[in-house]
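Colleague: Spelled out from the first residue to the last, the chains are:
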Amino acid sequence: MGFKNRDVISINDFSKQDILEVLDTAAEVEKNNQKYREALKGYILATLFFEPSTRTRFSFQAAMLRLGGQFIALSNPKSTSSMAKGETLYDTIKMVDGYCDIIAVRHPEVGSAKVAADATAKPVINCGDGAHEHPTQTFTDLYTIKKTFGKIDGLKVGFLGDLKYGRTVHSLASALSYFNPKFYFISPKTLSMPEEHLKELRAKNVEYEEDEDLLKVSKQLDVLYVTRIQKERFMNPEDYAKVKGIYKLKADFLNHAKKDLKILHPLPRVDEIDPELDKYAQSIYFQQAHNGLFVREALLGMLLGKIYKK
Amino acid sequence: MGFKNRDVISINDFSKQDILEVLDTAAEVEKNNQKYREALKGYILATLFFEPSTRTRFSFQAAMLRLGGQFIALSNPKSTSSMAKGETLYDTIKMVDGYCDIIAVRHPEVGSAKVAADATAKPVINCGDGAHEHPTQTFTDLYTIKKTFGKIDGLKVGFLGDLKYGRTVHSLASALSYFNPKFYFISPKTLSMPEEHLKELRAKNVEYEEDEDLLKVSKQLDVLYVTRIQKERFMNPEDYAKVKGIYKLKADFLNHAKKDLKILHPLPRVDEIDPELDKYAQSIYFQQAHNGLFVREALLGMLLGKIYKK
Amino acid sequence: MGFKNRDVISINDFSKQDILEVLDTAAEVEKNNQKYREALKGYILATLFFEPSTRTRFSFQAAMLRLGGQFIALSNPKSTSSMAKGETLYDTIKMVDGYCDIIAVRHPEVGSAKVAADATAKPVINCGDGAHEHPTQTFTDLYTIKKTFGKIDGLKVGFLGDLKYGRTVHSLASALSYFNPKFYFISPKTLSMPEEHLKELRAKNVEYEEDEDLLKVSKQLDVLYVTRIQKERFMNPEDYAKVKGIYKLKADFLNHAKKDLKILHPLPRVDEIDPELDKYAQSIYFQQAHNGLFVREALLGMLLGKIYKK
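Heads up: the sequence lines are chains A, B and C, in that order.
Mapping of the first sequence onto the numbering used here: residues 1 to 310, in sequence order.
Mapping of the second sequence onto the numbering used here: residues 1 to 310, in sequence order.
Mapping of the third sequence onto the numbering used here: residues 1 to 310, in sequence order.
The shape of chain A in the complex, shown without the other chains (with noise of 0.2 Å):
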């Protein structure tokens, strides 16, 4: 299946073979950057983000004009824009649909990427629809560590803090499950990985344990991937006091890791990670953030038709 004029609503709609297409072609975007500056020259991508980030429209934006591209943005839809009105999103769409050629869209309701979709016959990018998915952040975090490990196949993946509701999470093992790995799900029980994913990797024969302490396993993990605990994802404000914080690494974490563990977080971070760590080599959260980029240049030019794999 071509990319050209594709939608990227959920990691699950791209098979095997698809990522690493994405992977491969990140890659080459980052290798050899000057031969792509003029790429999407004459293109205008629509960033219409209605909740906040600084990370994925930034560096959407990024890879739009280190292609050579332009942007128009919609930040802060609240106050500053026809939402405010009443306008449906399905009709916000329509209408950009005509200022621009490529849309990326963060939105607070789950479903909503692909009511965007729908509306537009031009790529449309999600960049989370509320608890749902946030596939650009999970090729993020694919490229991150095939980069960084030379491959995917076979490792062995904690995953620490929010599972319940952290979406990057749910992604990740999701698409890590064509790779063969080992997966260990450390969260307080209120927390726990969701049964429906569960049973999805049980269904794929992935192996997995759930544990909720870190250092029973922690000499295990090749790669531990950190989440915040997110506030904006709970209805009750005492249920998120009572779990905030319960993980919370620091340098002698390292002692009880192996040499090469490679500690991710999709960012940002509140305190789950102390920047003492940011010092040492395990810790690649920013290389991860600044991945992005590549991948998401990758990804522009992949659906306008004019980056392919080589």
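Warning: the hint list may mix true and false statements.
Same chains, same names: a pair is fine if it fits in one copy or spans any two.
Result set (BS3-like, lysine-lysine): computed pairs, CA atoms no more than 25 Å apart in a straight line [said to hold, decoys possible]:
no., residue 1, residue 2
1, 189, 244
2, 219, 189
3, 31, 41
4, 306, 41
5, 122, 31
6, 156, 219
7, 122, 279
These are computed hints drawn from the structure, not numbers from a lab.
We have chain A already, so just place chains B and C on it with the hints.
Modeller: For chains B and C alone, coordinates are given in the frame of chain A:
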């Protein structure tokens, strides 16, 4: 009168000849867009929106980018700009004047666009000054009519909804007066066309009818221009509640209309046109929104002296 | 000391030689602007404004565009960014570092620009860190003086208004100290120049007077630098009310001044300069604002190693 360095404050500042020149230039830009991809290279547009907007802002920004220009933008002045420190619009424009080549401004105060134009020698485009004027919307409406019917002359045009506060209605009726129209003003009595505008039409010998019942006149119409009843123009929420949603077009309305009726709407809509109507050829409001791009490209190019009618 | 990759945190980090190099480069960029239209092609500036601003943000963004570069922007961090999720400035900068080539930051906390600079190897420009520093304003002020008088040396400079909290006053007085000035500090006692700054001036053998009455010294002045009494710097609204508007320049003030006095103001103004003064040759505050463009073009080009003084 040449267009270079001219301000666009009110549609009434434009002769019939002027209007046709803008529409012809828009048609040229739409048809031969590749030819104009670098027309405004090196030019900067400042979009200053002191009220919510997406359509107008996006279409101006995209127009500038499509012509190879760039923009700087103010979107949420209350919290992010010097207006928060008490700066006047006049001072803001005097300052912005140094950083751009042309200014597009939306501001809630009637007359504000004129204030802006007086503060700078650079061209100023009024993107809405309160309930007053929004001339580029009118150019867009006229362009859509001309593109669809191949002519503007002699059409029967119905205006539906809020004819009292609807600035787009007043401006479009005024501009259409050049083209031998017949008007049908369909509204609740409390939102009927203001007497000053009717008087102007009589002075110009424009034929019109006023009615509360759409179905009584619908068979006559070539164009039905639907408007949203704008909550933000009412002082009193109860007055809004009374008239909100009094006309809601559904698909069965088409049975009561000419087969080649065209429905326009300046958008955003709330619920005055059922989305089930979107798929019919009669519904051209999204095309109308997209046409705004070409009209704005034409105006930017003309005011900057870089695009001329052939 | 070369300028490439340097941070611009405080005006005090710059020698007299450095300052003159920036001013000369700004003059070159202003004079031969066509020559630099592609100087920063392919470069991306990130403007991160955690406090309201239009002038500084616009002048940086326009400067980047005028040199062929591009920008990404954060304007309303409270509601639209990851700061809303509790991210530190340090982490935000570590992340943005991957998406741009140079960073311009305004943040309400004293010392924040230094924090930002420490988080990245890329050049960071302080656009205001609370009541502390705003060095590009000082470069703009100096450039305006040099351009107007043909020199900086030996001028008699009055500072009017809020000399206690006015960061632009402190920085300009400090930078002017290199140029054999005489200062007149005119303010209510509660807003007088802080002793630490006066002590610094005495150590440098800079001559100065302090006064509450503008008219007593106005005939001496070559330059009158007017400041707004900044509401946002007062903890207590009553303290603000007491001093607000204590000096309001009107046209008749010119009778009490040298014929070739020049009035500067960092803007925005509220009511400390009557708009009737705008039309007089003595009033150069809007030219001053516009000069900010050239100074920022020079700095961006110098820090990125693409524009050098001839």
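Colleague: Are the hints correct? Go through all of them and say.
Modeller: Hints, one by one, checked against the model:
1. 189 x 244: within (13 Å within a copy, 50 Å between copies)
2. 219 x 189: Within. Shortest intra-copy distance 22 Å satisfies the 25 Å Cα cut-off; inter-copy 66 Å does not.
3. 31 x 41: For residue 31 and residue 41, the Cα distance is within 25 Å both inside one copy (20 Å) and across copies (20 Å).
4. 306 x 41: Answer is both; intra-copy 10 Å and inter-copy 21 Å each pass.
5. 122 x 31: This pair counts as between: shortest inter-copy Cα distance 20 Å, intra-copy 28 Å.
6. 156 x 219: For residue 156 and residue 219, the Cα distance is within 25 Å only inside one copy (10 Å; across copies 71 Å).
7. 122 x 279: between (42 Å within a copy, 18 Å between copies)
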